[in-house]
Structure formats: C-alpha cells, structure tokens
Amino acid sequence: MSLKRMVLVVAVLWCALITLLHLKLNLRVQFFGSKLAAETTQKFRVGFLPVTCHLTCPVTDFINKQMAGDGFFEPIRFNGWPELKEAYLSGYMPATFLLAPLAMALREQGVPVKIVYLGHRDGTAMMVHKDSQIYRIEDLKGKTVAVPNRYSNQRLLIFKALKERGMSIKDINMVEMPPPDMPVALRSRAVDAVTSGEPFMGQTELDGYGRVLYLTKDVWPNFISCVLVVSDDAIKNRRADVQRLVDGIAQSGKWLDQTMDHRMEASEFVAKNYYSQDPRLLRFVLSKPPDRVKYTNLAPLKKDFEEIQALAIEAGIMQGTVHFEDYVDTSFVKDDNAIQPYAWEGTKPTNQ
Amino acid sequence: MTGKLAWTKIALPLGVAALLLLAWDAAVRVSGSDIFPRPHEVLRGIIQLIEQGLLLKYVVASLFRVTWGFTLAVLIGVPFGLFLGWYGWAFQAFNPMIQMLRPISPIAWIPVAILWFKVTDKAPIFLIFLASVFPIAVSAIAAVQNMQPVYLRAARNFGLTQLQLFRRVILPATLPQIITGIRIALGVAWLVVVAAEMIAVNSGLGYLIIDARNAGKRYDLVVAGMVMIGLIGLVLDLLVRQLEKFDEVRWGYANR
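Note that the protein sequences, when read in sequence, are chains B and Y.
Here the numbering used here is used: the first residue of the first sequence is 46, the next is one more, and so on.
Here the numbering used here is used: the first residue of the second sequence is 12, the next is one more, and so on.
It should be emphasised that the hints constitute simulated quantities derived from the structure, not laboratory data.
Keep in mind that the hints are not guaranteed to be accurate.
[Claimed, not checked] Ranges between beta-carbon positions, derived for each pair: (1) Y:D36 <-> B:E119: 41 to 49 angstroms; (2) Y:G26 <-> B:L58: 43 to 51 angstroms; (3) B:L58 <-> Y:D36: 54 to 62 angstroms; (4) B:L62 <-> Y:R252: 16 to 24 angstroms.
Virtual Cβ for every residue (Gly too), placed ideally from N, Cα, C.
Here chain B stands alone, though its shape is the one from the complex (with noise of 0.2 angstroms):
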C-alpha cells in the first residue's frame, strides 16, 4: 500500500511541479494578479514565417514596442506553412502572412479569407549549386528543382519562365520541399535548383556553394510571393484593427526602404527577438543587391493578381471561379503614396 502511495505522491507532485515551471518560464504567467495573460488573448493575432517575404510583421511590432512601450498586435511565428495555414484554419489568428496563390485559392475553396495588403516585392531567387552546369533557365531541362509549396508564386513563375523560353513543366522535375530544409540539399546536390523566399537562398551563397540562377526582378519584376490576409470575419468586426495593421505594415515596409541604415538595424533586431538566426544573413538579402527585395508599392493591384490567377489555373491549383472581388478587399488602403514611414530612427546611437 505504502508503494503505490509513494508513487502516487510522487507523480502528483511532478505533474504539479513541471506545470507550474512551465506556466512561470515559458508561458510568463505571472501567479500573483493574472493581468498579463489576460491582455495577451486580447490582443489581434498575425501569423508569419522567419522569411523576408514577412519581413514587415516583426518590423512592424518592434518599432511599435519601441515607440508605444508596447506592440498594438501579436505576431505568432510558425515554422512552415502547413502548420500557419491550419493554424489560421482553426481560427486561432484571425490576420497572418501567406503565398498569394494560396490565398486565392483558399476563397476559392470557401474560406473566409481577404487579401489586404501586400507583403513584399520580389525578394526570391533561383540558386544552383556553383559547379553545376546550369547557366540559364534553359538548362534546367530534366534537372529536379525544389519549390517550397505547390501554391507558391515561386511555383507559378517557374510555369512563366518556362513557357516565355518555350518549354513547359513537364521538361523538369518539380519537388516541394519545407525552404529551410533547402541549403542542404541544394550542398549535397539532393536537388540541382532550389527556390524559396529568403534568406535560405542568400544563405546558400554565403556559405559558398549556391549560384544565382536568378533573381525575381530579372524574370518576373515586381514578384509577389506572399500577401497579408485577414478573415472576412476580421473585417466585419475588428475594422479599426486591421485598418491599423495595415497602416504599420505600410509604414514599416516604407520605413525599410528609406535607408540602408535602417534595413542594417532591422536585420539585427529581427534576427535577433523574432528569427533567431545569424543577422549576417538578413543583413546580406536585404543590401546584395539592395532591390533583392522590395517593400514599397505593396497596395494589392488588379493586374498582378489576374496574372497570378492566369497561371494558378494553368498549374491546376484554381479553377478560376473566384476573381480579384471575390479575394481582396482594398478598402484597407486609400492612397498608398500618402503613407509616411515611421518616424523612428533606431537604437544605433545608443547601441554602437
């Protein structure tokens, strides 16, 4: 009897032990006046990946911290995009970052969701291992090249490119693979091209074996990979949120446009608080070369989504039952130009 109460005891006060260091380290529930958790739930949640192409949401959080003492939304970083997609799925965030042609093809399917903003311009590239013999896109012919979703826009502009030199898909082979996962296999030549948002295709060339097969803006200028989306529920009922979610992404990505300076200070508190990785990557995709991604001119246009759309059916990922309508909601911007960047010079005096 005395053993099993014994283990009895024992397990209880484990159980009560690790869920109170787990409340108090990782979830910072404070045990004496709850007020933090309280004000967390609150709070609009956006969804994002630690690319560039979403750059703008922790920018945009930390200048607010560093201006107001306190970001007005809470960005939620997933690590691929099954996982952000099924997140937003379940109603869990009611704004996240995703792949254009996702988004599409999402309302398509009956999801509540509206394209609002853009998150980036360009801003991808094609890397090839440097002693591969493949110089143009011609020579991708019967090569494997690895994309990171079957509805990413790096997707559809392979479809494009190939079609502009009169070939079509089906003269290469086309695998999806989670774009963190692509350094390597592009290293150990699992795969003989690799695209993806960056900085995983920057890292490829720091690091000394990938080549730039090419840059967005050399194939398709003003490349859209992934778009600010908020639910139709959001719009309906949380208005003067989204409308200030938009306004700071605008801010912000004009903000990372004005000066080199200002993308060098991002780089490394985005690195730093939101991506945890080296800032020598961020620092190298957003100055080498410095239009390598672009965060201006992001209000939703009707000409880049029907071309979007255009190959999404091509691809089979859209039937074409939805349009430009249907899928973004441009009220959220009335005058793009109109927008200033933050007013907010950095932390470099005080930290260098």
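Given the coordinates of chain B, work out where chain Y should sit on it, guided by the hints.
Below, chain Y alone, put in the same frame as chain B:
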C-alpha cells in the same frame, strides 16, 4: 565486490559513449563536412543554450507536455485496457478499432491536432497522448487475458466479491505487464516530442530542433536538441525501471 559492480555499471557504458563520440568526431573530420557539427561544437551549442537560459525553458516545456500527455494516457489507457481484457464482448467490439488507430503516426495527426486545439499546448499533449495510450491499453488487455486461470479459480473458491477480485487478484497479477507497457509507452511519448512540437509552439526541445533548421547553418543546435532528448530519455527509463524493483511488482513475475 560492490566496487567492481559499480565499475562495470558505470565505466562500461561511459567507455562505449566515449568510443562513439570519438568515432563521430573522426567521421566528420574524415568526410571534411563543414555542415555536420563535431562533438565539441555541439557541446558549445549546449553551453550557449544554457547561457541564454533557453535550455531549462525548453526542457521544462517538453517535460510538461510529455508529463500530461502520458499521464492522460495512463489514466485512460489502463482502466480501458483492463475493462477490455476482462469483458470479452467489449474486446470484440473495440479491438478492431484500436488496431486500426494504433499504427497511425502522430505526424499524421498534426493537422487534426492544430484544427482542434489550435496552436496551444493542448495540441502537442494530444499527440503525445495518442502515441502512448495504445501501447498502454494493449498491454493492459494482454495482461488480463494472459492471467493464469488458477488465480481466478482460487479466488472464486474463497468467495471474493468483484471488487475484491479486482483489487486483490487482477490488479496485482497484471501490474508487472502493465508496467512494462507503461515503460514502453513512456519511451514512445518521449520519442514523439519532436513531431509534437513541430506545431507552432514556441518552446521545447522539438521546437529547438525545428527552430535551428530555420536559423541557417546551426546544425550544432539540431544535434544539441537530439543529445538532450536522448539524455532525458535515458533518465526517464532509469526512473521507470526503479518501479520494477518493488516487491508488489515482482509478485507477478515470481509466480510465473
């Protein structure tokens, strides 16, 4: 005598570990890989995690999820298994469903877990529960079904009530096998922690591995996560083994 015993118990496994570490180091040096980390780089990674205070946080988060997933599995799996083992009709009714659900990997359940539990701690707890409840239930079922009929006949001769029969005969007779099942299940629960933490939780050793993959060339942290999971798994197994030393548990073995 005891000195010699301690020597073999501690020095031999340490010797094997040291040999494997040397082999690992040599293999990386021979292959000339600058991506795969060497043991001292992993150690440096672990030290860096300790300095940042992350290691304790992550270990606590993973243990928290495994504790609750596994506790739920024991609380539900053992009674359910005993019930199915005792009542033939219940076994017939539920067994095909159990055997159908059992081989489904927790990874396949990830989308379901996110849709049901969102990205809270409940989702990984659910995945760990799923992975560990079946080995526990199956071992409890088998334990009852394999019980020697002589115990039951003797118990009936003494005129025990159902409750007495359960407490005095069934439970002690089945406990050793159930504990073996629990031990296997704890291993499985700890095994799926990486998969379970692939969901967007922002802490845990599984998260450490996935996060490190995002962080450029930080494979030292990936291996550091693996090493920590392995070490804690070793400690968990040693603890559960202690249960088997108790007399009550040996009762079943002794009569075999």
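Quiz item: Okay, which hints does this one fail, numbers in order?
Solution: 2, 3
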